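J.: Given the structure of chain A, go ahead and fit chain B onto it with the hints provided.
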Amino acid sequence: MKLTKAEIQFIDNYLIKNEVKYWDVRLELLDHIVSAVEDKITNEGVSFNEALLDVHSGFGNQFIEFGVSKDKIFEKGLYQSNTGFKKFIKQKQKEIGRKHRKAYWKTFLPFISSIRFFIELLVLTIVTLIAYQYSIKAGLFVAMSGIIITEFTKLFYGGLKKFKTKSLNMQLAVSSSLLLTQMPYWLIMLFNWHYEGLEMKPYYILFILFALLFVFSRHSLNNFIKIYNIYNERYQLLTT
Amino acid sequence: MSNSKLYKGSLTTIILKLLNENDKMYGYEITQRVKELTKGELKITEGALYPALHKLEAEGLLDVEVAKVDNRLRKYYKLTETGTKETVNKLEELAEYIKTMQALVNPKLA
Numbered sequence: 001m002k003l004t005k006a007e008i009q010f011i012d013n014y015l016i017k018n019e020v021k022y023w024d025v026r027l028e029l030l031d032h033i034v035s036a037v038e039d040k041i042t043n044e045g046v047s048f049n050e051a052l053l054d055v056h057s058g059f060g061n062q063f064i065e066f067g068v069s070k071d072k073i074f075e076k077g078l079y080q081s082n083t084g085f086k087k088f089i090k091q092k093q094k095e096i097g098r099k100h101r102k103a104y105w106k107t108f109l110p111f112i113s114s115i116r117f118f119i120e121l122l123v124l125t126i127v128t129l130i131a132y133q134y135s136i137k138a139g140l141f142v143a144m145s146g147i148i149i150t151e152f153t154k155l156f157y158g159g160l161k162k163f164k165t166k167s168l169n170m171q172l173a174v175s176s177s178l179l180l181t182q183m184p185y186w187l188i189m190l191f192n193w194h195y196e197g198l199e200m201k202p203y204y205i206l207f208i209l210f211a212l213l214f215v216f217s218r219h220s221l222n223n224f225i226k227i228y229n230i231y232n233e234r235y236q237l238l239t240t
Numbered sequence: 241m242s243n244s245k246l247y248k249g250s251l252t253t254i255i256l257k258l259l260n261e262n263d264k265m266y267g268y269e270i271t272q273r274v275k276e277l278t279k280g281e282l283k284i285t286e287g288a289l290y291p292a293l294h295k296l297e298a299e300g301l302l303d304v305e306v307a308k309v310d311n312r313l314r315k316y317y318k319l320t321e322t323g324t325k326e327t328v329n330k331l332e333e334l335a336e337y338i339k340t341m342q343a344l345v346n347p348k349l350a
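Which chain is which? The protein sequence lines are A and B, in order.
Using this note's numbering, the first residue of the first sequence is number 1, and each one after it goes up by one.
Using this note's numbering, the first residue of the second sequence is number 241, and each one after it goes up by one.
Check each hint, because a few of them may be wrong.
Label-pair distances were calculated between CB atoms; the ranges are [to be verified]: (1) B:D303 - A:L121: 47 to 55 angstroms; (2) B:D303 - A:K21: 20 to 28 angstroms; (3) A:N229 - B:D263: 52 to 60 angstroms; (4) B:M341 - A:A6: 48 to 56 angstroms; (5) A:D71 - B:M341: 35 to 43 angstroms; (6) A:L178 - B:M341: 49 to 57 angstroms.
With a straight-line Cα cutoff of 30 angstroms, these simulated DSS-like cross-link-like pairs (lysine-lysine) come out [said to hold, decoys possible]: (7) B:K318 - B:K295; (8) B:K264 - B:K318; (9) B:K315 - B:K330; (10) A:K2 - B:K264; (11) B:K318 - B:K283; (12) B:K348 - A:K90; (13) A:K94 - B:K248; (14) A:K86 - B:K315; (15) A:K99 - B:K318; (16) B:K257 - A:K87; (17) B:K295 - B:K264; (18) B:K264 - B:K348; (19) B:K295 - A:K99; (20) A:K21 - A:K2.
These are computed hints drawn from the structure, not numbers from a lab.
Given the structure is predicted, the values throughout are model-derived calculations rather than measurements.
No residue lacks a Cβ here, since even glycine has one placed at the ideal position from N, Cα and C.
The shape of chain B in the complex, shown without the other chains:
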C-alpha cells in the first residue's frame, strides 16, 4: 500500500466495504477499484492486498468462489454472513476514528 502509513490500518475496512457494495470481486479488481475511487491517491500493492484477503478468509469473513475466465482460473472473494456484520462494525469504528481525528486536528469542523 503506498502513500501513507495512515491508510494501512484501514485496509481491511476498505476491502470489506468494497465487497459489501459488490457481490464478488477478484484481487486485481479491488486494487483498480480503490485507485479509481481515490483518483489514484491510494494504491494498494499486491504485497499488502493478498495477506489481508487471506487473513479475512481465514477469519471466516470472506468466502471464495473460483471460475474459469480467459484460459485461467479466477478467485472471487465475497462476504460471508459474519463478514457482512463485521463490515458494519468496522465502518462504524472508522467513522468514529475520523470524528475523533477531526476534533483533534480541526476542532471548528468537529
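Bound conformation, chain A alone:
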C-alpha cells in the first residue's frame, strides 16, 4: 500500500521534530522510512503507527514503554529518543568531510597547473605589484583581497538561501571559510609581533604567505561550486 502525501509529510515532520534538520540528510531517511512502512503495512498487515514505531526503533532510537499509557505509545515512542538519528547524522557528517577532502586533493594538482589558474595568479600578482608602488599597505590589501573575495563568494552563496543553510553538504563546504577570511589578519598580526622594532621588515614573507593562501582558497572555491551545483539541482527536484 502506497502512503498518501499527508502521511509522507507526517513522516517528514516527525524527522524534523527528531532534529534531522538538514534536508539532504532527511531525504534518504524519508525514502527509507516510507518504503519500510509501506512494506510493513502491505506484507505484515500492521497499522501505520505500528509500522512507523517499528522502523523508528530499527534506526537505533531507544524507546522505554514502561509507564507510558497505551494511547500515548505512538507519540512517546516517536519522540522519546533520537539517538539513532543523531548517530546517523554524525556519521554522515564525518563521511561528507572525508569525501570533500578527497575531492579537494584529487583535483588540486590539475587545477594549480591549469592555464586558467596561472592567468588568475598572474593578474593578481601584477595588480599587487602596481599597488605596491603606491604603498606597502596597498600592496598587502590587494594580495589579501584575492583570498577575501573567494571566501566571501563561498559564504555569500552558501548562506544566501534557506536550502543552502539547511543542507549538511553546503554547511560543510563553507565551514573553512570563516577561518580562511581571518587568516590574513592573523598573519599580519603575527608578522608585526615577530618583527616588532625592525626598521626594514621583510614584507615579501607576507606576500608569499598570501599567495599560498590564495592557491588553497581559490581551489576550494572550485570544489564549492561543484557541491553548490549538485545540491541546488537536488533541491529544485525536491521542491518541484
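T.: For chain B alone, coordinates are given in the frame of chain A:
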C-alpha cells in the same frame, strides 16, 4: 546487522556484490534483497547499512543518483569504475577467507 558478528566484516562486500549485479539500488532495496537472498537469515539493520554506504561513497567506490519517486526523492547508489575493480578484489578476498575457514573447520571438504 543481525544474527552474527561474523557477517559484519562482510557487509561492504555484500553491498558491492549486489551493486555489481544491479545497475543501481537504493538503501531499503538493498536490505530487502539481502533478506530475500538469504531467506531471512541475514537482516541488515539501518544502523549498519547507511554508515557502510556513506563510507563507500566517501571512498569513491560508489556514486549517487537522485530521482523523484512517489512524492519523495530517492537516492540510488551505483558502482564507480574504482568500485567495480574493488568488488573483484573484495570477492576474491572473501572466497579466500571461506576456503581458509573451511580448511580449519572441516578439513575433509577443503
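J.: Against this structure, judge whether each hint is valid.
T.: Structure-based check of all given hints:
1. B:D303 - A:L121: 47 to 55 angstroms: violated, 33 angstroms
2. B:D303 - A:K21: 20 to 28 angstroms: holds, 26 angstroms
3. A:N229 - B:D263: 52 to 60 angstroms: violated, 24 angstroms
4. B:M341 - A:A6: 48 to 56 angstroms: This hint holds: roughly 51 angstroms between Cβ atoms.
5. A:D71 - B:M341: 35 to 43 angstroms: Because 52 angstroms falls outside the window, the suggested range is violated.
6. A:L178 - B:M341: 49 to 57 angstroms: Holds, since L178 of chain A and M341 of chain B (Cβ atoms, about 52 angstroms apart) stay within the stated range.
7. B:K318 - B:K295: Given that 30 angstroms is the threshold and the Cα spacing comes to 14 angstroms, the pair holds.
8. B:K264 - B:K318: Given that 30 angstroms is the threshold and the Cα spacing comes to 5 angstroms, the pair holds.
9. B:K315 - B:K330: holds, 24 angstroms
10. A:K2 - B:K264: holds, 22 angstroms
11. B:K318 - B:K283: holds, 21 angstroms
12. B:K348 - A:K90: violated, 47 angstroms
13. A:K94 - B:K248: holds, 20 angstroms
14. A:K86 - B:K315: holds, 20 angstroms
15. A:K99 - B:K318: This hinted pair holds, its Cα atoms lying about 16 angstroms apart.
16. B:K257 - A:K87: holds, 26 angstroms
17. B:K295 - B:K264: Answer holds: K295 of chain B to K264 of chain B is near 17 angstroms, not above 30 angstroms.
18. B:K264 - B:K348: Measuring from Cα to Cα gives roughly 40 angstroms; hence the hint is violated.
19. B:K295 - A:K99: Cα-Cα ~9 angstroms, so holds.
20. A:K21 - A:K2: holds, 25 angstroms
The structure fails to meet hints 1, 3, 5, 12, 18 from the earlier list, while all remaining hints are met.
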